[in-house]
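Just need the whole structure built from these sequences, with the hints factored in.
If you read the sequence shown in the numbering used here, its first letter stands for residue 1, the second for the next number, and so on.
Please note that a few of the clues may not be correct.
Stated by the list, open to error - Each pair of labels, with its calculated beta carbon distance range: (1) Gln-366 x Phe-161: 36 to 46 Å; (2) Asp-94 x Met-1: 35 to 45 Å; (3) Asp-215 x Lys-4: 32 to 42 Å; (4) Glu-365 x Ala-321: 12 to 22 Å; (5) Val-340 x Ala-86: 22 to 32 Å; (6) Pro-55 x Asp-215: 21 to 31 Å.
If you're looking for bench data, these hints aren't it; they were derived computationally from the structure.
Remember, predicted model here, so these are calculated numbers, not experimental data.
For glycine and all other residues, C-beta sits at the position ideal for the given N, C-alpha and C.
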Amino acid sequence: MPAKVRLELGENSYFVHIQHGGLADVLGPVVSAAVPTAQRALVVADAAVADRYGPSVRNALTAAGLAVHTATAPAGEASKTLAEAARLYEDCLDAKLERGSVIVAVGGGATGDLAGFVAATYLRGVAFIQVPTTLLAMVDASVGGKVAVNLPRGKNLVGAFHQPRAVVADPATLVSLSSREFRSGLAEVVKHGILRDRALFEYLEQHADAVLGQDPQTLEYVVERNVRIKGAVVSADEREGGLRAILNLGHTIGHGLEALNVGKLLHGECVSVGLVGAAWLAERCGLLAQPDLPQRLQVLLGRLGLPVRMPAGTDLQAVAAAMTLDKKAEGGQIKWVLPVRLGQVQVTRHVQAADINAVLQSLLEQ
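Have a look at this one:
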């Protein structure tokens with residue numbers, strides 16, 4: 001069933017609209033209600049879906065009375081650069097955007113990050129709307145207002161907190177994904193189950209085939225549950241002063257691996273490996289109160305077609321070095337998020353180097 005989830009963020013509150021097949025009908029009215037000052041819009045479309053969804057997005061905005069200018073961003077993490085942001089600033093000028101205008105991001109999480117970063121910084125901030133078309137973006141990247149570009153030495157090192165005015169998630173758009181890209185997004189879904197929702201984790205164990213088959217009702221449910229989980233965390237800690245750090249589960253090792261494997265492993269695949277590493281690390285640190293969690297996690301990730309090991313030959317020292325650049329490190333110490341049991345995690349800095357090295361070694365595919 002269609003759903004509308006509200007993120008309670010004071011003056012920055014907004015709705016996430018989830019409706020299978022509803023993009024063309026929902027978007028125009030949502031933009032008009034969320035950004036009533038908008039007379040002009042810049043649509044930043046992911047190159048992977050620009051031809052498929054760009055025209056319907058443009059038509060929906062035009063029907064809502066907006067003058068629409070379109071721009072295309074390269075697909076994937078390669079688009080998240082200061083050079084691409086500079087190019088989009090020129091598109092903002094060409095579109096004659098004003099403070100009351102709106103930028104609409106259509107595509108995956110990288111496109112949302114890039115377009116959101118431009119929206120946060122152009123004219124010191126204009127409104128933007130997220131239209132995620134990947135599972136990873138729907139359940140994670142489009143919700144929460146963290147926007148950023150990468151530097152050569154690490155992910156998301158230049159960015160801002162800039163909440164969207166609304167998110168319009170249409171799970172029907174997921175048919176545009178390859179099987180691998182779709183499965184990659186499931187890593188964040190599993191992560192949210194470990195964080196806050198044992199029932200979601202168990203639902204995935206019981207309905208893995210329906211999820212992989214992209215059953216419409218199943219997808220609506222999964223997207224809604226994930227948006228509610230992440231939305232609750234973001235609402236409690238908008239600017240990552242404390243609780244929001246738990247969303248980094250699996251990402252410390254994941255980002256370290258991703259920094260070395262640009263173009264080889266997808267973000268969700270790296271997070272999947274990182275989730276397994278976090279479970280094993282929790283076990284070594286004596287924090288794990290549910291002994292069957294690591295095994296159940298590996299079985300579920302395997303059923304969902306996600307990796308649980310780093311590729312053979314991965315430079316573990318380089319992964320460890322990249323991990324120290326994590327934005328959430330403090331005083332040179334990594335802030336680890338480790339599972340205690342399904343639905344509960346603990347944040348700690350008290351992890352021994354020997355345990356980290358042992359876990360990294362155990363994650364290496366032989």
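Quick rundown of the hints versus the structure:
Between Gln-366 and Phe-161 the C-beta distance comes to about 42 Å, which sits within the given range of 36 to 46 Å. Checking the proposed 35 to 45 Å range against Asp-94 and Met-1 shows it holds: the Cβ atoms sit about 41 Å from each other. For Asp-215 and Lys-4, the Cβ-Cβ distance of about 21 Å falls outside the hinted range of 32 to 42 Å, so the restraint is violated. Distance hint for Glu-365 and Ala-321: a CB-CB separation of about 20 Å, consistent with the stated range 12 to 22 Å.
As the Cβ distance of Val-340 to Ala-86 is approximately 44 Å, the hint placing it in 22 to 32 Å is violated. Restraint check, Pro-55 to Asp-215: a C-beta distance of roughly 27 Å satisfies the suggested window 21 to 31 Å.
Of the numbered hints given earlier, the model fails hints 3 and 5; all others are met.
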